[in-house]
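Undergrad: Sequence:
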Amino acid sequence: MEKVDSALQFWRYVQLSDLALPQTTVSSSIKGGIKGLWQRLRGNRTKDEVAGKKELALEQIPGALTERIAPDIDWQLPAAVLKVQLEELLALDGLFDKKTDQTTCFLVVGLPHGGNEQTLKILSESAHWQTIDQPTTEQILSQDNNWLKQIETCDTLWVLPALERCYLRHVHGLALVRQLFEMINTRAMGPGVIGCDSWALAYLKHVLPGRLPPALVAQPFDDQRLSRWFYQQALTGCNRPVVFCHTHNGEPVFPADREGGQAGAFMNQLAAHTFGIPGIAISLWRKALRQEPDRAAGDEAPVNTCQGLETTLWVLPWDKLTHPSLTAPVSSETSIILHTLLLHNGLSQEALAEILPFSTHGVTRAVWALKDAGLIEKADGLWIVSPGGYPMVRKYLHGEGYLTDSF
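Numbering (my numbering), first residue to last: 15 to 421.
The reader is advised that the hints may include incorrect statements.
[Unchecked claim] Derived CB-CB ranges, DEER-like: (1) L72 x R254: 16 to 26 Å; (2) P85 x A342: 12 to 22 Å; (3) S345 x E265: 28 to 38 Å; (4) H184 x T250: 38 to 48 Å; (5) T200 x T250: 30 to 40 Å; (6) E166 x L103: 36 to 46 Å; (7) E368 x P227: 37 to 47 Å; (8) E368 x Y416: 32 to 42 Å; (9) W382 x H412: 44 to 54 Å; (10) K392 x E101: 29 to 39 Å; (11) G413 x Q363: 47 to 57 Å; (12) T336 x H142: 22 to 32 Å.
Derived by calculation from the structure, the hints in this document are not laboratory data. Note that CB positions come from ideal geometry on N, CA and C, so glycine has one too.
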């Protein structure tokens with residue numbers, strides 16, 4: 015954790031007021047439109063026809079190569095960056111003096127699929143801070159105050175990795191969180207760090223009186239950082255240069271490919287569509303990657319290692335990527351289930367049935383329909399909105415007037 019790593023440069027934490035979401039650049043859209051018009055005026059169809067045949071001949075890259083080119087995110091990296099910032103903010107000396115006026119608790123806010131809970135668990139373990147276990151569903155609904163005692167009696171800095179797991183949108187589901195913040199505001203407990211999903215933060219601001227602690231949030235990836243991050247991952251995984259080319263025209267995805275230079279239109283669209291959330295961005299990036307069949311070994315034997323002096327991979331155009339969608343008309347059951355899953359950053363099917371005003375059969379039917387549509391998936395026993403489904407689900411709920419996060 016203490017080792018300085020060039021990969022740390024990709025992770026940043028800022029105050030909520032300083033958060034900036036990536037935007038689609040107008041210049042990229044205009045440039046693409048002018049280029050397309052010029053090609054039509056020239057009547058140059060040969061290149062497009064060749065590119066279309068090229069796309070048909072390509073295949074998805076296999077799992078072994080995916081793990082080299084676009085591996086699972088190492089949450090130790092943001093944990094190392096966050097640890098430094100929190101230690102500076104908390105200035106540990108004197109924090110256990112309850113007479114101090116110094117802020118003794120911070121929120122760390124994360125967006126869905128941003129790895130906030132994993133990051134804070136790693137941070138707590140590496141710093142030897144006390145990780146607070148989340149309450150059970152039964153403890154939440156029975157308003158069991160015993161859960162809070164593990165924080166009250168803590169004699170070191172404590173970390174609650176996921177506040178969204180400590181409440182339920184239910185008449186009896188908010189008591190523990192209310193008491194937690196009352197104790198923080200009256201300094202009835204020692205210093206701590208609370209992880210909180212962005213949707214949970216929006217909901218708790220809406221329903222809880224009083225002020226919440228100051229907050230940090232992971233800065234979303236813009237197109238420039240996504241480009242450098244993806245290129246660095248591929249370079250490290252293959253230990254040699256990797257060239258990413260567009261399937262429709264053969265041009266490089268990264269204009270200064272070997273340095274992971276200025277972002278192109280694809281990365282600009284990817285960053286804006288995914289809100290710069292790394293877990294969503296890398297999921298779509300993997301879907302877009304293609305390779306040529308291994309001609310030497312036969313078309314049935316795909317390439318599964320990086321060989322040669324340079325590796326060339328192909329990237330589908332943005333408009334060729336498919337995304338999960340909601341089939342109209344969308345029932346109220348479906349909308350409320352999606353909204354509830356986001357407010358809690360995932361729930362078990364039993365918890366959904368417990369807190370929603372629908373029959374168990376109705377919840378089960380709706381959940382499996384959403385799963386079949388690719389909009390939700392199961393992770394660690396909980397149903398969550400999938401990485402691919404999140405951008406569309408958020409847009410739909412916002413358009414329907416549901417409470418959403420502010421990011």
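Undergrad: Decide, hint by hint, whether the structure agrees.
TA: Consistency of the hints with the structure:
| no. | hint | verdict |
| --- | --- | --- |
| 1 | L72 x R254: 16 to 26 Å | holds (21 Å) |
| 2 | P85 x A342: 12 to 22 Å | violated (38 Å) |
| 3 | S345 x E265: 28 to 38 Å | violated (44 Å) |
| 4 | H184 x T250: 38 to 48 Å | holds (46 Å) |
| 5 | T200 x T250: 30 to 40 Å | violated (48 Å) |
| 6 | E166 x L103: 36 to 46 Å | violated (23 Å) |
| 7 | E368 x P227: 37 to 47 Å | violated (29 Å) |
| 8 | E368 x Y416: 32 to 42 Å | violated (21 Å) |
| 9 | W382 x H412: 44 to 54 Å | violated (25 Å) |
| 10 | K392 x E101: 29 to 39 Å | holds (36 Å) |
| 11 | G413 x Q363: 47 to 57 Å | violated (27 Å) |
| 12 | T336 x H142: 22 to 32 Å | violated (46 Å) |
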